[in-house]
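**Q** From just these sequences and the hints, can you work out the full model?
As they're listed, the protein sequences go chains A and B.
The first sequence begins at 1 in full-length UniProt numbering and counts up by one.
The second sequence begins at 1 in full-length UniProt numbering and counts up by one.
If you're looking for bench data, these hints aren't it; they were derived computationally from the structure.
All C-beta atoms, glycine included, are put in the ideal place defined by N, C-alpha and C.
Heads up, a few of these hints could be off.
Each computed DSBU-like pair below joins lysine-lysine, with the alpha-carbon atoms no more than 30 Å apart [stated by the list, open to error]:
id: 1; chain 1: A; residue 1: Lys297; chain 2: B; residue 2: Lys298
id: 2; chain 1: A; residue 1: Lys270; chain 2: A; residue 2: Lys297
id: 3; chain 1: B; residue 1: Lys128; chain 2: A; residue 2: Lys28
Residues of chain B placed beyond 10 Å of chain A at every Cβ, according to the derived structure [what the hints assert, rightly or not]:
id: 4; residue: Gln75
id: 5; residue: Ile111
id: 6; residue: Thr131
id: 7; residue: Thr163
id: 8; residue: Ile232
id: 9; residue: Met246
id: 10; residue: Ile271
id: 11; residue: Thr360
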Amino acid sequence: MPGIENANPFAYVSTETIPQSPPPTAAKGVAGWLKTNLFATPRDTVLTIIVALILLWIVPPMLNWLFFDAVWTGDGREACLGEHVGACWAFVEAKFGQFMYGRYPAELRWRVDLTGFLLIAGLVPIAIPSVPYKRENAIYLLVVFPIIAFMLLTGWPFLEPVETSRWGGLLVTLVVAIVGIVVSFPLGILLALGRRSNLPIVKTMSVIFIEFWRGVPLITVLFMSSVMLPLFLPADVSFDKLLRALIGVALFSSAYMAEVIRGGLQAIPKGQYEAANAMALTYWQGMRLIILPQALKLVIPGIVNTFIGLFKDTSLVLIIGIFDLLGIVQQNFTDTNWISPATPATGLVFAAFIYFIFCFGMSRYSAFMEERLDTGHKR
Amino acid sequence: MAHTDGVADGTEDSGRASLIYDPKVRGVFFQAILIIVVAYLVYSGISNAAGNLARAGIASGFDFFGERAGFEIGQTLVHYTNDSTYFRAFLVGLLNTLMVSALGILFATIIGFIVGLARLSRNYLIRKLATVYVETLRNIPLLLQLLFWYKAVLAVLPNPRETGLEQGTTVLWTLNNRGLYIPRLIPEAGASAILVAAIIAIALWVVIGMWAGKRQMRTGQQFPTFLTGLAILVGLPLLTFFLTGMPFDVEFSALQGFNMSGGTVIRPEFIALLLGLSLYTASFIAEIVRAGILAVAKGQTEAAYALGLSPNHTSRLVIIPQAMRVIIPPLTSQYLNLTKNSSLAVAIGYPDLVAVFGGTVLNQTGQAVEVITITMLVYLTISLLTSAFMNWFNSRVALVER
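**A** Have a look at this one:
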């Protein structure tokens with residue numbers, strides 16, 4: 001507007017910008033962090049002090065028990081007896097082979113090691129997104145590896161046979177978990193599709209199957225597979241005990257998997273189904289190429305949670321007398337050579353650590369994949 | 001042919017006459033195959049089972065329910081001796097399962113809500129502590145946790161003689177490897193009046209709540225329903241207690257010889273199971289609560305503040321009711337999981353339904369089919385009833401959307 005002078009007519013208004021001052025010392029650095037995160041309000045301060053006191057009360061004794069007072073070497077219970085003795089790691093050291101392989105013959109354990117190596121060789125490249133040949137890799141993991149693993153572990157038909165009753169420890173835990181995962185995933189997809197099918201009988205049967213398995217505890221399923229299943233088979237057919245447990249675990253987790261995948265299918269807009277039809281794709285083509293890739297991507301966290309649940313649930317097989325990791329740890333509590341007050345706690349903490357590594361690793365990996373595959377469906 | 005919407009009839013094309021391309025015909029055909037396969041499996045299963053049972057000389061049927069059980073059960077809520085019937089044993093197991101599940105649900109909910117809120121706390125220490133709790137407990141199998149509490153914590157407690165108690169001296173409570181000993185209340189004449197008073201108090205609370213709600217709708221004035229109700233619930237039974245002349249005798253426990261006598265004992269199996277179930281499930285509930293609260297849009301908080309609500313009112317009247325809509329469905333499945341997980345009791349010897357009925361009774365009678373079927377049906381029934389109740393509750397809290 002003309003007529004207005006550049007000079008400020010009001011004397012009390014500053015003509016130049018005041019230079020920025022540094023933030024108050026209480027809002028930056030260590031002091032600022034402490035202020036906002038620990039001592040923001042009087043109530044926060046009180047809570048912080050209480051929690052810090054509780055931590056001081058719990059953590060040092062725990063560290064003492066785990067490390068400083070722990071017995072690291074020894075060959076019998078004498079080493080772990082005494083007034084102020086912490087964890088008895090010597091027990092874990094002495095039993096480590098059993099915890100890993102069970103009663104698998106010591107001179108044949110290389111076969112288990114080799115199987116484990118082959119598994120890792122297939123898993124690592126498929127888990128890293130940038131490594132190529134995903135299709136070949138998947139075929140190796142889902143077709144080639146199971147056959148080789150079966151031949152190596154059981155010894156059938158070329159090597160010296162090892163009965164499954166001699167398997168144990170982490171080996172059994174991993175066998176049950178991996179077979180459960182590999183079987184329950186496709187079965188879960190089929191059940192989920194069945195539950196959303198237009199065919200009334202397919203739908204009804206899927207619903208009954210899913211609701212039945214989800215409604216009963218896994219223990220009763222395992223009891224059923226170990227006690228009742230032999231009754232329903234012809235008298236001359238006998239099943240391996242481990243195989244029966246595997247069937248129970250796989251059917252059980254496939255019901256949970258189905259519900260997770262159904263959630264994904266329901267989240268896909270109807271237009272996608274209609275578009276697949278409009279492109280003249282058959283039902284299976286549409287599912288394979290359009291619907292399932294989107295639906296599965298949506299429910300990756302749920303799928304991994306089911307896997308984690310399945311991995312933890314494998315520990316239940318000890319109740320029907322299969323010595324998985326937890327089963328073999330627990331069995332060794334009764335070893336008279338190692339009975340001491342610290343033995344059960346040590347063995348269980350060790351087993352807990354192994355389970356934790358697997359489960360926590362899976363959950364971190366799923367978080368990573370979720371972030372990577374998040375290609376913008378969020379509103 | 002009428003056009004059916006859906007995915008199964010992707011190749012619908014009336015131009016092609018061939019029957020094998022007709023989705024209806026295909027549907028009927030595949031379903032018929034499915035029925036035949038399932039029917040064959042069921043038939044062969046039943047006929048095999050009948051043959052196997054006949055060979056083993058086991059008479060099927062439920063007659064065994066009336067027979068004498070002949071075994072002891074460590075913890076019973078109803079009267080039971082080894083002369084009781086198998087049905088009585090079944091009942092004892094069922095009640096034990098229901099009791100530990102109900103208490104587990106209560107504690108898991110309380111701990112879970114506290115930890116879930118703690119994960120959202122401004123306080124760094126509390127937030128991290130809650131995160132460590134959740135990540136540790138939910139990544140370790142429940143069975144391992146139960147065994148830990150039972151074998152590594154409770155079983156290595158000193159025995160009654162080593163706890164430093166003096167012979168014959170009564171104590172308020174003591175914890176040793178036989179369990180937790182607490183005083184026992186022995187009701188005398190007039191004790192039932194207190195129960196009646198408590199029921200009346202709850203009824204009064206409900207009436208006051210309804211009246212306060214109506215009044216607020218009419219006049220806008222609020223009434224401290226919760227505090228009043230709590231005062232009535234505590235005050236009325238307490239008043240009755242004194243008016244009826246304190247009709248309770250308290251029995252304390254004391255060390256007698258090698259063992260404790262008197263008082264009530266809570267067995268280590270029960271403590272371990274309750275601890276394990278509550279702490280484990282709480283870690284899942286905490287995550288559900290956290291997700292539920294985070295799911296409420298930030299604008300809701302800001303809108304509430306803009307309307308002049310206090311932070312307390314904001315969370316109580318705006319945030320929590322909306323978060324509950326997200327929380328309740330997964331919470332239901334956690335409750336169901338807890339109930340089903342209580343069957344792990346069999347691993348530590350707590351006499352629940354699976355341990356008593358699916359374990360001892362099955363071994364004694366050999367009626368595998370009947371026993372396991374009944375056990376599964378019981379859990380199925382509990383699951384379906386809980387689902388139904390929670391669905392009803394959910395439909396009440398769910399807001400009607402546009």
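**Q** Enumerate the violated hints, using their earlier numbering and listing them in ascending order.
**A** none
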